[in-house]
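Chains A and B are the protein sequences, given in the same order.
Mapping the first sequence onto the numbering used here, position 54 (from 1) lands on 414, and the numbers just tick up by one.
Mapping the second sequence onto the numbering used here, position 141 (from 1) lands on 144, and the numbers just tick up by one.
Honestly, I wouldn't trust all of these hints.
As the list claims (entries may be wrong) - Per the computed footprint, the stretches of chain B lying under chain A, defined by three or more beta-carbons under 8 Å from a beta-carbon of chain A, are:
(1) 19-33
(2) 55-68
(3) 72-82
(4) 138-144
(5) 150-159
(6) 210-221
Since the hints were derived computationally from the structure, they do not count as laboratory data.
Ideal placement from N, C-alpha and C gives every residue a C-beta, glycine not left out.
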Amino acid sequence: MTTLPAPSAKKLGLVIDLDTCVGCQACATSCKEWNAQGDGGPLTDTDAQGADISGPWFNRIHGYEVREDGRDDSRMVNFPRSCLHCETPACVTVCPTGASYKRAEDGIVLVNPDTCIGCKLCSWACPYGAREYDYTQGVMKKCTLCVDRIYNDNLVEEDRVPACVRACPTGARHFGDLGDERSAVSQLVKERGGFDLLPAMGYKPTNKYLPPRARRETYAAGVAPLPKGDGSVMEKLFSWADKLLSAAPKVEARANPQDNSDKLEG
Amino acid sequence: MNPAYSVILFTTASGAGYGLLALSGLAAAGHGPASSIGFALACVGVALALITTGLLSSTAHLGRPERFLRAFSQWRSSWLSREGVVAVATYPVALAFLAVWSGLVEAPALIAPLGIATAALCAVTVYCTSMIYRQLTTIPAWANRFTVPGYLLFALATGAGLLSFISVVFGRFQAGAGNFQAFLTLILIFAVIVLKWLYWRWLRRRKPEHSMAAATGLGPGVRQWEVPHTARNFIMKEMGYSVARAHARRLQQIAMLLLDVAFIATFISPKFPWAVAVSAPALLLAAWTERWLFFAQAEHVVQLFYGQEKV
Ligand code: SF4
Ligand code: SF4
Ligand code: SF4
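Okay, chain A solo, but in the shape it has when bound (with noise of 0.2 Å):
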């Protein structure tokens, strides 16, 4: 049924740190590794050791540079993303096919990839590019918030977390029940003010967000200037044998022979 359900009592989600996360790709590899061998059948990259390479991935790590107003300096901002299960999820209500729900129990939105007619609709449909086509199967693939871990009673107690939870070496991502004021996510998301991304689409995320901390202003007003240049005749005879030596021919170190780098966009 792609009705949504009434809201549960339960809603289980991740909080994640903007401010911890290194950007390591250790949950995103995690991920696709545990769902490679999942419920949900398979989670093949086409051309994997190829240029072109292609495939699912439940969650991607972007980065951002943020310039703060008036400040001429910036930081870096790891930045994973996956679905958030939201709580009014457009995903859920476009399917013409009841492939896509919204657990009533949980709120954990998931594809049935035995029903699903890979109609992409739904993908459309999510604001947060939470839902990846997977062109060898025919059929919509989305985090499933690891339902098949934390529910297994086959895994010992501390797996059964999302696997791109237990994989995090800096402990940014963190799974609970946000629909439980007292919870420990519930908490953090109340002490660091956890927000909700593109709040004005009205999805009412289940996942939030943890802003990065304040800046420590010690360590920035501890920088040094670069030194410039006084314009010395010691200075220009090292900028000419500085030019001299340079005119040797450049070589490229390159670990990889294959060139992607005209593929990068952004």
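Mind docking chain B with the ligands on chain A? Use the hints.
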């Protein structure tokens, strides 16, 4: 958005088919039995052929077309499902209408009710198609008041062009200023021109509602510094397509030119009936160009995560 040819063919071909079928139904409701079996067969036959071509081509867009029956199940929530249900429901009614209109089944009292029922089902189907796009708040170029009238008017205008053409072929096209068919087609083409002109002006002038700052929550000083993957993924292929502004302008001019040609050809058609051989294809080509632009110009909010500042 990626302008997938299967979807463009589907919406333009089935739109023209539903337009032709609806106008045939209304004409029959007004005038009673068809002048000949051939005329009725040609009108309904061409319409159903176009609709069927469109529906078949839309299944080419599916990853698992063999499971298409499942798409009829979620009509309670999904416009795509509703469209499928109404599209299928139109067939038996249209065939019953054809039977009585052509005189194959002698029941003149049923011509008007069946003609109107057919026209209504056509209208609802095209309305459902347009709502599939209209409902997507993730794509501001679609989620606005121009989308639904755009689909309905293009369906009627292309249908009217085809009906005129078939009428000329069967010698049912009235000569002289009293030609209601040409008059109606003129009004429809004019309405399409005005609507598209207003839409494109609105699209150029609209203030973006969504920003990278709101998408990332990182404030107005944010910009993309590192991409999450080196090869293009599904999201970038499907939602990342946007046609260059200069090309868009040129294609808009081409669509407008085709509509103008269709308008002039229709205008002279009461005197030179074979001008409809120009207006009908010009209308179909204009619809195709417009539909391609409808997709190619539409930007999706997910692009905000991939470096676009505003959508
Ligand atoms: S993030 Fe996208 S896919 Fe996930 S629930 Fe929300 S709208 Fe649906
Ligand atoms: S792609 Fe599959 S899950 Fe998505 S809307 Fe279509 S049928 Fe539903
Ligand atoms: S919860 Fe599971 S499926 Fe979702 S991003 Fe994390 S590892 Fe991937």
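Against the structure, the hints:
1. 19-33: violated (count 0)
2. 55-68: That given contact holds, which follows from 5 residues of the segment 55-68 of chain B lying within Cβ reach (below 8 Å) of chain A.
3. 72-82: holds (count 9)
4. 138-144: It holds: at least three residues are needed, and the segment 138-144 of chain B offers 5 whose Cβ sits within less than 8 Å of chain A.
5. 150-159: Our answer is that it is violated, as 0 residues pass the Cβ test (under 8 Å) against chain A, missing three.
6. 210-221: holds (count 7)
The structure fails to meet hints 1 and 5 from the earlier list, while all remaining hints are met.
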